[in-house]
Every structure is written in structure tokens, then in C-alpha cells.
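Novice: Here is how the chains run, residue by residue.
Protein chains: 2
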Amino acid sequence: MAGALLTDLYELNMAASYLRREMTAPATFSLFVRRLPSERGFLVAAGMEDCLEILAGYSFEESDLVYLATLGFDDAALEAFAGLRFSGDVRAVAEGRIVFADEPLLEVTAPIAEAQLVETILLNQITFQTTLASKAARCRLAGRDQVELVEFGFRRTQGFEAGLAAARVSAMVGFSATSNVEAARRYRLAPAGTMAHSYIEAFVTEIAAFRAFAEDLPGRTTFLVDTYDTLEGVDHAIEVIEELGLHESVGVRLDSGDLAALARATRRVLDDAGHPEVRIFVSGGLDEHSIAALVEQGAPVDAVGVGTRLGVSADAPFLDSAYKLVSYDGRPVAKFSEGKATYPGAKQIFRAHGLVDQLGLAEESAPEGTESLLEVVMAKGQRVRPSDPVLSLATARTRFEADLGALPEPARRLRDPTAPKPAITAAVARLTEEVRQRER
Amino acid sequence: MAGALLTDLYELNMAASYLRREMTAPATFSLFVRRLPSERGFLVAAGMEDCLEILAGYSFEESDLVYLATLGFDDAALEAFAGLRFSGDVRAVAEGRIVFADEPLLEVTAPIAEAQLVETILLNQITFQTTLASKAARCRLAGRDQVELVEFGFRRTQGFEAGLAAARVSAMVGFSATSNVEAARRYRLAPAGTMAHSYIEAFVTEIAAFRAFAEDLPGRTTFLVDTYDTLEGVDHAIEVIEELGLHESVGVRLDSGDLAALARATRRVLDDAGHPEVRIFVSGGLDEHSIAALVEQGAPVDAVGVGTRLGVSADAPFLDSAYKLVSYDGRPVAKFSEGKATYPGAKQIFRAHGLVDQLGLAEESAPEGTESLLEVVMAKGQRVRPSDPVLSLATARTRFEADLGALPEPARRLRDPTAPKPAITAAVARLTEEVRQRER
Chain A
1 MAGALLTDLY
11 ELNMAASYLR
21 REMTAPATFS
31 LFVRRLPSER
41 GFLVAAGMED
51 CLEILAGYSF
61 EESDLVYLAT
71 LGFDDAALEA
81 FAGLRFSGDV
91 RAVAEGRIVF
101 ADEPLLEVTA
111 PIAEAQLVET
121 ILLNQITFQT
131 TLASKAARCR
141 LAGRDQVELV
151 EFGFRRTQGF
161 EAGLAAARVS
171 AMVGFSATSN
181 VEAARRYRLA
191 PAGTMAHSYI
201 EAFVTEIAAF
211 RAFAEDLPGR
221 TTFLVDTYDT
231 LEGVDHAIEV
241 IEELGLHESV
251 GVRLDSGDLA
261 ALARATRRVL
271 DDAGHPEVRI
281 FVSGGLDEHS
291 IAALVEQGAP
301 VDAVGVGTRL
311 GVSADAPFLD
321 SAYKLVSYDG
331 RPVAKFSEGK
341 ATYPGAKQIF
351 RAHGLVDQLG
361 LAEESAPEGT
371 ESLLEVVMAK
381 GQRVRPSDPV
391 LSLATARTRF
401 EADLGALPEP
411 ARRLRDPTAP
421 KPAITAAVAR
431 LTEEVRQRER
Chain B
441 MAGALLTDLY
451 ELNMAASYLR
461 REMTAPATFS
471 LFVRRLPSER
481 GFLVAAGMED
491 CLEILAGYSF
501 EESDLVYLAT
511 LGFDDAALEA
521 FAGLRFSGDV
531 RAVAEGRIVF
541 ADEPLLEVTA
551 PIAEAQLVET
561 ILLNQITFQT
571 TLASKAARCR
581 LAGRDQVELV
591 EFGFRRTQGF
601 EAGLAAARVS
611 AMVGFSATSN
621 VEAARRYRLA
631 PAGTMAHSYI
641 EAFVTEIAAF
651 RAFAEDLPGR
661 TTFLVDTYDT
671 LEGVDHAIEV
681 IEELGLHESV
691 GVRLDSGDLA
701 ALARATRRVL
711 DDAGHPEVRI
721 FVSGGLDEHS
731 IAALVEQGAP
741 VDAVGVGTRL
751 GVSADAPFLD
761 SAYKLVSYDG
771 RPVAKFSEGK
781 ATYPGAKQIF
791 RAHGLVDQLG
801 LAEESAPEGT
811 ESLLEVVMAK
821 GQRVRPSDPV
831 LSLATARTRF
841 EADLGALPEP
851 ARRLRDPTAP
861 KPAITAAVAR
871 LTEEVRQRER
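Chains A and B, in that order, give the protein sequences.
Take the first sequence: its letter number 344 is residue 344 in the working numbering, and every next letter is one higher.
Take the position in the second sequence, starting the count at 1, then add 440; the result is the number in the working numbering.
Hints were generated in silico from the structure; no laboratory data involved.
Note that the structure is predicted; figures quoted are calculated from it, not measured.
Note that the Cβ used here is the ideal one computed from N, Cα and C, for glycine as well.
Among the hints, erroneous ones may be present.
Examples of chain B residues lying across from chain A (beta carbon under 7 Å, computed) [stated by the list, open to error]:
(1) T447
(2) I552
(3) Q598
(4) Y639
(5) E641
(6) Y768
Simulated restraints, written as ranges between beta carbons of each label pair [what the hints assert, rightly or not]:
(7) B/E479 x A/R34: 21 to 31 Å
(8) A/E22 x B/A630: 26 to 36 Å
(9) A/E232 x B/R461: 19 to 29 Å
(10) B/D856 x A/R34: 24 to 34 Å
(11) A/K421 x B/D712: 40 to 50 Å
Footprint (simulated), chain A over chain B, 3 or more residues, beta carbon under 8 Å [as the list claims (entries may be wrong)]:
(12) 599 to 606
(13) 647 to 661
Modelling step: build the complete structure from the supplied sequences, incorporating the hints.
Specialist: Here's what the structure looks like:
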């Protein structure tokens, strides 16, 4: 889905005015999150790949202009829109990196009309993808690498687009599979799935359903055992496993009740029957807290399916993101409204060991021993690297692993985390004061 | 966005098994919400139009089958998928109707493989659109028809698709405009938009920005007055209004601070300057509770922009929806698991005056004085009425108004609402007991 009308009307209003006035000087906008939700100690940057795709193809179609004419945009505006492409530069934090409040996830420098027009698109994609990636990362922390994580959210994400993104960003933070088939195809993820209760009910007995499934889908037999009575279901599964001599990747899935207790009882029954190889998969309304509880209790769970609460980031479904003008025509600008104050100027994030960050100006040289997080990803409207959905996900995953390993404990906590705040460099402080004086 | 791979893998697993076994008997699945979120006294049905579009075009493409082969689906399965279309019947509650827990929003009757395959698609669309429509309806209640409501969520919805749906369902419950230009085009809504703080900052002074905007976009001049100092901003707006002799639809927008107090101060300044015609528009992190507070305080606000919290239904971003098999091959079925029990058989909702509902069987005749809410919308895979996005929205809006007028007070409350629960008819009770006995 793309198209230049996927925007807020005010972007078109402002752009029309700029274009008419030939205000073509470069503007820099900075996209960042003002405050983290209280239950977030960090964010995982995501959405940049889709943004670059959209920017690279940005243009108005004839039918868009016809519609805009009906809204009262005049010929001069329509003509200017007709020829408009995104010709700017973009610097961005790479997907998969861990970031904090106030840190620019992306900065656009372009003729002001262009930079303004893409605000809604960029905010939308980066806000919701970063929201979902950050939630998924908390599930990853909760699992302590002791359970396999499978993304199961598609049926209740806020649309298909959100479902595809949820699968992708979950993989980025270490999920091993997704139920979402289209996402699996697109991003070369491992698709995973078992059966629904309806399948069991479509047969006259549970055991008949298990037998049919195992015969028809060899090599992917995870039996859903809780349709009638969970432990009886486990017995039925064992019967079919033995009858058909199933060996490879056999499992049972528990989807209701006290999952920790049932997992323990199920494990005992399976082991007693001589089936230590049968895996236990649990699902049903899970989130990072219930995953953590399962792991802490030492429940014998091999894999968890995490669905809705991850898929919509249920406890914090949005971020307080902003896209703010920080420089126009060489003049640094800032806003000083209460609670919404911004720092002027194009920025850079200087990161030292242990994710200790400083927010500096883009023109500063990096302090010794620091890495600069924002990198040029688009120059004069052209992507610096070609689009490659599979490779970009793999590298994002690697970056996430590295940052996660360095993330301090207070930020990792699932309850009441403390998010690091970047210090600002002396140059940012000086420039902010200068702009504040000038605005007085 | 469509495509048969927009699904969970398990749907394909089950369908492949059914098709191989020639289990083609009709199954009925019922889509309903098990429990309402605690802060919801009612739901507004939405998403059905998109579901019907998807069902009418449902098919596997060659490239889908190529991918499924790589997952291990065998030739028999692929061949069966290749020719598959949705050939079933669909009964649904009309969009815009107010509904409650346990009430089917949609029922599908089709050969079991087809009915199963579309589960993920139907759940996804109806869950998230009903979620957003219900949130928007609460904003409508909060406004008490004393303020105009404008949907502003696009920049932080969970994707573009969600943004389009948010605009549409907001219009369905009485919003008068949206900032989303593509949604406005697609559903013929009124697009609305003013300017951003960046526009003000791109000019050397606030008044220069106001003057430029008013000159360039006559007839849509709402001045954003809070970039520097709100009441000074109002003075600047008045200066430009008088200088340029602006008359029609002029307004000021307040986007930060104590909106009620600022609105009162702004109204006073405007009135004292002889400009009672200038409207006051407020925005900034609003939801139903802050709208209600503004209205209760009698703040002189003409219109509110409602953004993110509506656009993601921030306090309740999903619904506990389910798609359950209720009948297969003439045999009613049900699940009795704890907390997830379902009633067997195809259903009907019989509604009496005041939204007093009974959940009955589809085969029952409607009790006197009741209306039957589920209507046939698709027969043998064909839509009963042709698709018409504009007309369908207009009729949904009318239906919502009627139901809203009849909604009892406890369900309308914004805090701690009490949602009506439908009674079940004697026939449902009897069938449930029969099935329970049989399953023992």
C-alpha cells in the first residue's frame, strides 16, 4: 500500500503554500519518541525499511491530483505536486538497534515541502513498527532463551499490514517462527501451525481427529489436547504417536487452563509413557509477564505461541513519537512548549560501551570510543543500499542481539524498568540556549 | 491487500486434511466476542464490508501454490487449493449496529475447508474494525453532540490500513471529518487539516506564517496558535483575520496546555475583539474522558481533533473475539472448556425495543416484537448486494444513530459501564444441554 494521499490533509496544505512561495530551502526534521511508556525500558528501532521503500517511490498519480482539485487545491499547487519526487537525504538508526527517548530514529533533510509531505507516512510506519518490535523484545527477555517463541498474533492485529509487520519484527528480536504464512513467504521466516479446536470437533472422537491429522500432515504433528480434557487428550496423543510410530518433531499444545500445572502433568504423563521426545507447546493469551512466570516456575515448556497481546502491544499500543523541524534554511529551530520542548539542529547519537548514549549535533565529531548510530540511508532521493527484505531482516536481528547483550539490567526489567536517558553534548546545550535567546 | 496466504498456517493444514478426506459437508462457524473489555458497555459492529470483498475474491494464485509446495503441501493439497473459491453463505450483523458479548457478528456456512480457511481473515478484520468503531463511539458519547469530532489518528495507527479503517469507522459513529486524505477520497468523507508547528517555525515570525497560510489557502484558515505563546498567538490570528478581511470558516487551534482554560481565555479575547465567528478547535492527546471533561466544564470548544488514543483504541486495543465451529454436517457442536464455553448451532439475535436481546437459534422464528439482527449477506459465494463503499457507510451511520438512541444508560457510561448480556432462548438452552450430554 502506498500513494501520496496516504497523508494528513495539513501536510498538503503546508506543502502547497511552500511550493507557491518557492520556499525550497532545505529543512531537517527529526523523528523521535518524547517519552517511553512506563513499562518500557528501551525501544527497538523498526519500520525504516518500509519508509525507504515508500520514499523511493513517492509521487502523485493523476487520479490523486484530480481528487485534490475537488478539495480546492489550485492549478499551481497541482502542477507542483505533479512533478514532485522525494529528492532528500535520510539518516536513520538501523533497524534492530535499541534506542531511547529523545533519540532521533530518523532524520530527513529535503526541500521543506518534500520533508513536510512525508511526515505522516514516516511517523505511522516507524511508530507502530517500533511499538511492536519493543513489545516482542520484552517477550524475548521474558523467555530467557529457555523457550522457543512463536508469533501467533495475526488474527487480532490491527489489520493485515500490522500482522505482517508483527511477524517481521518478532523475528528481528529472536522469535523462531510465525503462524502468518504470507509474512513467512515475504521475509523467509519459518511458518508454524498446528490445528484448531474445530478440527477436533469435526471428527466424532478426539483420537480420530489426531489420527487423521498425523496421517495427512506427517512431519508437523502437534496435537491440540485441550478440547475436552487435557490429560485425556495427552493419552490420546500418545496412543496415536505409538500407533503410527511418529518420531520427528511431535508435540502437544496446551491452550487453556493453568498452563504451568498442566505442562508439568503433561510432561510426567509423556515421560512415564517413554516419550521424552514429545515437545510441549503452550499458548492462550500470553504476554511477557505470563511467559516470565512460566519460565520462573520452571514449567517444562518447550515453546510458546504469543498472540494478540504482542500483536497489538496491548499494554502500550502506541508511542509518543514526534516529527519536528530542527533546522530550516541553515537556521536551527526548536519548540519550547511545555512538555513538548525539542532540541534544535540535526543530531547524531554517540554510543559508548553499555549503551551509554550522548545526543550530539550531526556536525560534531564522534567522541572517542563511541559509535555513531544515525547513518545515511538515502542520498538525493536514492537509497544508499538496494532493498533486500531478507538480508535487511537478518542484519537487523544481528544488531538487536548485540545491543540486547549490552543493555543494562534496569532497562531489561519487565516490571518498572528504568530507561537510560541520553545526555546531551555541550554543543547541543549551547545551540539550544542560543535558539532560546533568539526566540525571546 | 488480499491473498489466500494472509492466514495462519494451521488453517491451511486443516483445510488440506479436510480436502484430502473429502470432508465437504457444510460447517457453520460463528464469530463473536466472548467478553467485553471492562471499559466497554457495548460494541459497534464493523469490518463486514471488507470481509465480504475478500470472500468474494478469495482464491490461491499460482505463486501461492509454489510457495506452499516448499512447505511440504503435497500435490493433492495444492490441486485442491488451486480450484478453491469461497462458495458458502454468510449471515452478518450490519455494520454500525450496536452489539454485545456472545452475539454472533457473523456466521459462515460452507464446506468445512472453506469455512476454516477464512477464519484468520474474518477475525482480523472484524476484531480490529469493531475495536476502533467502539472506541470512536465512546468519543461520540463524550462529545454529547456539543462539539464537532474530527478523526486525527493516521500518524500513529498501527499501519496505513488501520488508519483508513479508523477514519471510516469514526465517520460511521458520527465524526464529521478526518485528516486522512486517502480515506476521505475512498469513503467520501470531509477531509480536515490546518498547519503544523513546523510551518510556523519555517517563517521568521508567527504572524508572517499566519499571513502566508491565509493568503495561500483561503477558505480553510485555522491558525495553530500555541507554537510560542497561545494568547499572543490568538492576537496574531486576529491581526491577520482583520488585515485580510477573513470571514468564512476561520478558526484557531489549541494543541497543548490546559485546553479548557485556554479555550475560555481564547474565546474571551476573540469575543472582545469582535470575532464571535472564529471557531475554537482543540487537539492533543485527547480521548473520550478528556472530551467529556471539556464538555462538562462547558469549555467554549467548537471542535476537537481526536488522534492516537482513538486510532489504536489505546485503553482496549483488541477484543476477545472467537470464530467457533457450532455445527458440522448437521450435527451441532460446542466447546465446554473453562472460560471458553460456546453455545452450539447457528444463531440469530432477536432484538426487542431498548436493545433487549435474546440469543436464539437461526431456525427459530423471531419472537413477536423483535427484529432479527443477522441477515444473509452472501449466498453461495455471491454477495447479496453489490459493494458500494459510500452507500454502505451512509446506511451504517443511520443504523448506528438509531441503536445509539436506544442504548440504555448503564451501557453508555464512559466509566464502569454495564454491558447488557443477551438472554438465551429456551431452544439454545435445550440444544446446549443435549450436546453436553452427548459429549459425556
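Novice: Check each numbered hint from earlier against the structure, then list the numbers of those it violates in ascending order.
Specialist: none
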